[in-house]
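Asks: Line by line, the protein sequences are chains C and V. What the first sequence shows, in this note's numbering, is residues 1 to 107, in sequence order. What the second sequence shows, in this note's numbering, is residues 1 to 484, in sequence order.
Be a bit skeptical, because a hint or two may be false.
Below, a list of computed lysine to any residue pairs in the SDA-like style, where the Cα atoms sit at most 20 Å apart [as the list claims (entries may be wrong)]:
id : chain 1 : residue 1 : chain 2 : residue 2
1  : C       : Lys-78    : V       : Leu-400
2  : C       : Lys-5     : V       : Arg-462
3  : C       : Lys-78    : V       : Arg-402
4  : C       : Lys-78    : V       : Thr-464
5  : V       : Lys-116   : V       : Glu-73
6  : C       : Lys-78    : V       : Glu-407
7  : C       : Lys-78    : V       : Leu-397
8  : V       : Lys-361   : V       : Leu-397
9  : C       : Lys-78    : V       : Glu-348
10 : V       : Lys-25    : C       : Tyr-61
11 : C       : Lys-5     : V       : Ser-341
12 : V       : Lys-25    : C       : Thr-3
13 : V       : Lys-301   : C       : Ala-52
14 : C       : Lys-5     : V       : Leu-466
15 : C       : Lys-5     : V       : Ser-457
16 : V       : Lys-301   : C       : Glu-38
17 : C       : Lys-78    : V       : Gln-344
18 : V       : Lys-301   : C       : Gly-43
19 : V       : Lys-301   : C       : Asp-44
20 : C       : Lys-78    : V       : Gly-340
21 : V       : Lys-25    : C       : Pro-45
22 : C       : Lys-78    : V       : Val-399
23 : C       : Lys-5     : V       : Phe-459
24 : V       : Lys-301   : C       : Val-23
25 : V       : Lys-361   : C       : Leu-86
26 : C       : Lys-69    : V       : Gly-340
27 : C       : Lys-5     : C       : Val-23
28 : V       : Lys-25    : C       : Asp-2
29 : V       : Lys-334   : V       : Ala-300
30 : C       : Lys-78    : V       : Asn-345
31 : C       : Lys-5     : V       : Ser-383
32 : V       : Lys-25    : C       : Gln-74
33 : V       : Lys-301   : C       : Ala-48
34 : C       : Lys-5     : V       : Ser-467
35 : V       : Lys-301   : C       : Glu-31
36 : C       : Lys-10    : C       : Leu-21
37 : C       : Lys-5     : V       : Thr-464
If you're looking for bench data, these hints aren't it; they were derived computationally from the structure.
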Amino acid sequence: MDTEKQAIIKQLVDDMGTEGLVVVIGAADPEVAQVTAETVTFGDPSFAGPLAGVSLRLPVYHILEPEVKKVIPQDVYKEQAGFLELVANTEEIGKIFREIRGKARET
Amino acid sequence: MYDPVIKACSHVLIHTPSFVRYGSKPSREIDDSTTPVLPAIETHLRSFEEAVEYPPNQVFIGNLHPDRLNGIEQPWYRHPVEDASRYGAYGEIMPEEEFLGLMKLADDFDLMWIEKESAPMIKKSLQAHPFWNNSDLGKIDAAVEMARIHDKIENQGSLPLYCHGRIVGCMHRHHEKDDALKAQVLMENLMAKASGALALTHLLKKSDIRADEIDLLLNCSEEAVGDRYNRGGGGLAKAIGEMCGCVSATGCDIKAFCVGPIYALVHAAGLVKSGLFNKVVVVGGGSMAKLGMKFKGHLAKGMPILEDVLGGLAFLVTGDDGESPSIRMDSIGKHDIGSGSSQQNIMESLVLKPLDRMGKKITDVDRYAVELQNPEVTVPAGSGNVPLTNYRMIGALAVLRREMNREGIDRFVLEHGMPGFSPTQGHIPAAVPFLGHAIDAIKRGEMNNAMFVARGSLFLGRMTQLSDGLSFLIEKNPGRKAPN
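Just chain V, same shape as in the assembly (with noise of 0.2 Å):
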């Protein structure tokens, strides 16, 4: 059997201004800090459309290569791309209004109310979507008097959930004595939810599939679904699964900080390979906790808050279908426990030990993806641009194997990396934001190969000093005919 394929792919934004407040540096400064930050956020957040024009969501969701972003004078929130649609080649940048009904849609349990006034407005925008026209949207029907949701902000531990600046319903706590299952905690985890749920719609439609030939469903979201017995042992690749119709899938969670949608795609290729699965969905949703997360640079530098939409991705592999891009199964790299932690050893393991194994110098991978962390977001709160970071040292190590010299580096990232355009979501950045530019550029024959490296910080958890990464290379399909 030959090596399995990335069918297709999917890239979602969805725009979330009235939760930045909710994320977890926002809402600690919010509550800690002795001057008002609230009116600060507030007047500092962007409207949909700028949201739409801001350059590099257009690149995230296929209306702009990543190469476009380096002919663009940065900052690029000032540099709006003209006549920008809010749906791309790989998926959408969605409206809080509309998210607000899905969300309602992905809510089984009754945890979000809506307001009586505002559900017309949510349920007509939802009802405007090309996905969900012909949809039941009952649930969003079933709302509550202000008064009654009130009630619950008050005193229950609900919390208020606005949009356009007025409290359009409310997200309830599901158990008094556990933290697990309290009001942000939910809120989380339905977000990452219905944004995954998005993304595989995306995907559904984009790769003519139907729902009810998947599989296995991996999700690779960075929530932490559960109550407060097994917290983040949980998982929510099946409920983003029922939720579009998958019925001959089951499914389970891949976590793994911000490494986890390589990781998932690596498993997903392994067991196509092995026949134990044939289609095999990788999916994440967005992380509510990272909105506004630098928040405080971008107030500093007189910006508006970047950090103001959630991402989703959705990818399908598959047995090879002579005509997708396959993914090397010799190809993949791992940062083993005892590699050692320095750069250069982690850079070794992820990309030329692979390299090697594959008899392939490090130019001969037309373009690296790597964390792809958009600058913009990232430089003014003193993070400075991880992408061209990790670029540089992919070409140190090239210069170290006399593959040329030290003058060729800037030159190597111009040519073989890219400018990092994705929200800073933890898995989201985590290379894969540029497989559907590789696959379409693959398949037009303008690249041979691609190879994806992400990096995970698993002391985050405060349980290992080590840090990690994985890597893989898809290169273009031979085109041969599969043995029956």
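The following block holds chain C by itself, in its conformation from the complex (with noise of 0.2 Å):
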């Protein structure tokens, strides 16, 4: 995650507090998206950016997960995210999260 995104997230925070808060990002690439929830939730683990020791614990789900995409609109969904709902492995993206999730409630 790149040192600008984590500016930003760690400015919201800093402005309205963690609560009410959720990520949700959109890379296809699990790799990449797990490395950026990890960073919004326990920390940058390259310790280069803002978020470095900063743990904020915040809910973070994937675009296609289906607690995200029953609160869109079908039609702006399938607009915005269909194609990547195609490109992107959403078993192993949902795992990924989860776990990550799971991992944020027990620490």
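Relying on the hints, combine the two individually framed chains into one complex.
Replies: Have a look at this one:
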């Protein structure tokens, strides 16, 4: 996750707090999505950006998970995420994100 | 006149472990980190033999087909190719000591000094190379005492050059107040020139064409040549051509981030087709700045630093010769400024529009070459598997067009794509490292066509949010006799 995006998320948390804030990630590549999700949960693993050592533990979902899909109007979802849904391995992504949320709850 | 052909190509790698410290990311980390970074880098560098035996590098120079990587267990660096040769069908993997000599041959301004004790080793190693054994290597003989090198490094902004753990020379700055001519920038430019010249030399040998037959050179390297008044506004095309004896050629540079080689090839094809030029070389040298770019991810995973090689490419575009694969002039796919920036928009512009124009289906293209970054370099650093994502996108377009069902995407990727095998050198992975394999397979009748799709990140320069891309298709030469 690049340092600019980390700075935006950190700013949002500083301004609004973590209450009611959810991060939705759209990367089609499972590894990229995983690193991004871990960064907003446990902090920047490369210790290079504004989230280095900052464990925000924000609830994190992928745009292709059913929890997100069901709250977006179907036509909008199809237009904006339909292609990504075909490209990505949705099962693997779902598994990765459930694990990260589980780990965040446990620790 | 029939469509132009790509008559020959060369793909080279230069193993430069001692220059990893000068890559943009490692040099910043070495300067800024509170913990010692350089010793960690040095203990994770590969030997020349390990770089030669590395399966993706063997694919790059043409000794293995990209498909063979599907059968080699990952990590590939733990599964070296037995009896691997440094020379391949499309080029070679050059060791650092030879390349230092080549850099000195490329140096027309005494920017680089070689230390006296090291000069014989550097000269001898370059003399053992089949291309330079009869050359005048006098420039290397003009070596200097170590004390003068230390003085330059300590007092005048020169940077030490290393080989096998010791100082073997230094690179100077060429103006006290000009950051565009400081030692690190000149080192980067000289390495791009020398590696481009190595690629062009292989091309000339392989194509059996005389250097003085070339009439235009287009350089697509990613360096920024120039002084403080025109930083990046200069070029390397003629510098590379001069070094290789292309006395009848002129040249200029075509820069387009990671799409540079595709733009240069499309320009070359257009200029040959128009009759303005007859034999056009597209050449690109390697990028020092990108050495060790993802080294932190590699160190964190206990891997060797795999970004220890420079890449170099050269292609010869000529009029139809009746046998080499043609660049179809109606196949150019472009990403227009107003096309929209979603992944789907980009892929439709680059893949679907040209296929529709040619009356072809997605599955009619035997192989797609996309950005071919080696996933073993990018995945551990959190940058994902770039080629796989691109292949899945092309497969998804085929699903949307009802050419196949969703379950067919994995098979499509396997049959129409390939694993990434290119070093992450910006313009080098831009689809074209597959050109050698594609030309040979088409000539052997194993394939009819291949599409080359590259994408670039215009936004990196902070002047636009746009991204970019360009594509073309080559196909079997119909073997017609060209009209007189």
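Asks: For each hint, tell me whether it holds in the structure or not.
Replies: Comparing the hints with the structure gives:
For the hint pairing C/Lys-78 with V/Leu-400, the CA-to-CA distance comes to about 12 Å; that is within 20 Å, so the pair holds. Taking the CA atoms of C/Lys-5 and V/Arg-462, the gap is near 16 Å; set against the 20 Å cutoff, the hint holds. With a CA separation close to 17 Å, the supplied pair C/Lys-78 and V/Arg-402 stays within the 20 Å bound. Taking the CA atoms of C/Lys-78 and V/Thr-464, the gap is near 28 Å; set against the 20 Å cutoff, the hint is violated.
Straight-line distance between C-alpha atoms of V/Lys-116 and V/Glu-73 comes to about 45 Å, which puts the hinted pair past the 20 Å bound. Simply put, C/Lys-78 and V/Glu-407 have alpha-carbon atoms about 19 Å apart, close enough for the 20 Å limit, and the pair holds. At most 20 Å may separate the alpha-carbon atoms for a hinted pair to count; C/Lys-78 and V/Leu-397 meet this at roughly 14 Å. Annotation: proposed proximity of V/Lys-361 to V/Leu-397 holds, straight-line Cα distance about 11 Å (limit 20 Å).
At roughly 17 Å between alpha-carbon atoms, C/Lys-78 and V/Glu-348 fall within 20 Å of each other, so this suggested pair holds. Under the criterion of a C-alpha separation no larger than 20 Å, the hint pairing V/Lys-25 with C/Tyr-61 is inconsistent with the structure, at around 31 Å. Between C/Lys-5 and V/Ser-341, the direct Cα distance comes to roughly 19 Å. Compliance with the 20 Å bound is thereby established for this hinted pair. Between V/Lys-25 and C/Thr-3 the CA atoms are separated by roughly 14 Å; this keeps the pair inside 20 Å, and the hint holds.
Using a Cα cut-off of 20 Å, the hinted pair V/Lys-301 and C/Ala-52 holds, with the two alpha carbons roughly 18 Å apart. For the proposed pair C/Lys-5 and V/Leu-466, the alpha carbon gap of about 18 Å is at most 20 Å, so the pair holds. Proposed proximity of C/Lys-5 and V/Ser-457 is supported: the alpha carbons are some 17 Å apart, at most 20 Å. Between the alpha carbons of V/Lys-301 and C/Glu-38 the distance comes to roughly 17 Å, so the proposed pair stays at or under 20 Å and holds.
For a cut-off of 20 Å, the pair hint linking C/Lys-78 to V/Gln-344 stands: about 12 Å separates their Cα positions. Proximity of V/Lys-301 to C/Gly-43 is assessed by CA-CA distance (about 18 Å); at most 20 Å being required, the pair is judged to hold. The hinted pair formed by V/Lys-301 and C/Asp-44 meets the criterion: a straight-line CA distance of about 16 Å does not exceed 20 Å. For the given pair, C/Lys-78 sits about 17 Å from V/Gly-340 by alpha-carbon distance, which is consistent with the 20 Å threshold.
As the CA atoms of V/Lys-25 and C/Pro-45 are separated by approximately 17 Å, the hinted pair is consistent with the 20 Å bound. Taking the CA atoms of C/Lys-78 and V/Val-399, the gap is near 14 Å; set against the 20 Å cutoff, the hint holds. The suggested pairing of C/Lys-5 with V/Phe-459 holds, with an alpha-carbon distance near 15 Å, which does not exceed 20 Å. Distance restraint check for V/Lys-301 and C/Val-23: the Cα-Cα separation of roughly 27 Å exceeds the 20 Å cut-off, and the hinted pair is therefore not satisfied.
A threshold of 20 Å between alpha carbons decides the hint, and for V/Lys-361 with C/Leu-86 the separation of about 19 Å falls inside it, so the pair holds. Restraint check for C/Lys-69 and V/Gly-340: not satisfied, since their Cα atoms lie roughly 23 Å apart, outside the 20 Å limit. Between C/Lys-5 and C/Val-23, the direct Cα distance comes to roughly 12 Å. Compliance with the 20 Å bound is thereby established for this hinted pair. Using a Cα cut-off of 20 Å, the hinted pair V/Lys-25 and C/Asp-2 holds, with the two alpha carbons roughly 14 Å apart.
At roughly 39 Å between alpha-carbon atoms, V/Lys-334 and V/Ala-300 are farther apart than 20 Å, so this suggested pair is violated. The straight-line distance between the Cα atoms of C/Lys-78 and V/Asn-345 is roughly 14 Å, inside the 20 Å bound, and the hint therefore holds. At roughly 15 Å between alpha-carbon atoms, C/Lys-5 and V/Ser-383 fall within 20 Å of each other, so this suggested pair holds. Taking the CA atoms of V/Lys-25 and C/Gln-74, the gap is near 43 Å; set against the 20 Å cutoff, the hint is violated.
In summary, the hint linking V/Lys-301 to C/Ala-48 is supported, as the alpha carbons are separated by about 17 Å, within the 20 Å threshold. At roughly 18 Å between alpha-carbon atoms, C/Lys-5 and V/Ser-467 fall within 20 Å of each other, so this suggested pair holds. Proximity of V/Lys-301 to C/Glu-31 is assessed by CA-CA distance (about 14 Å); at most 20 Å being required, the pair is judged to hold. For the proposed pair C/Lys-10 and C/Leu-21, the alpha carbon gap of about 12 Å is at most 20 Å, so the pair holds.
Distance restraint check for C/Lys-5 and V/Thr-464: the Cα-Cα separation of roughly 18 Å lies within the 20 Å cut-off, and the hinted pair is therefore satisfied.
Consistency note: the structure conflicts with the earlier hints numbered 4, 5, 10, 24, 26, 29 and 32.
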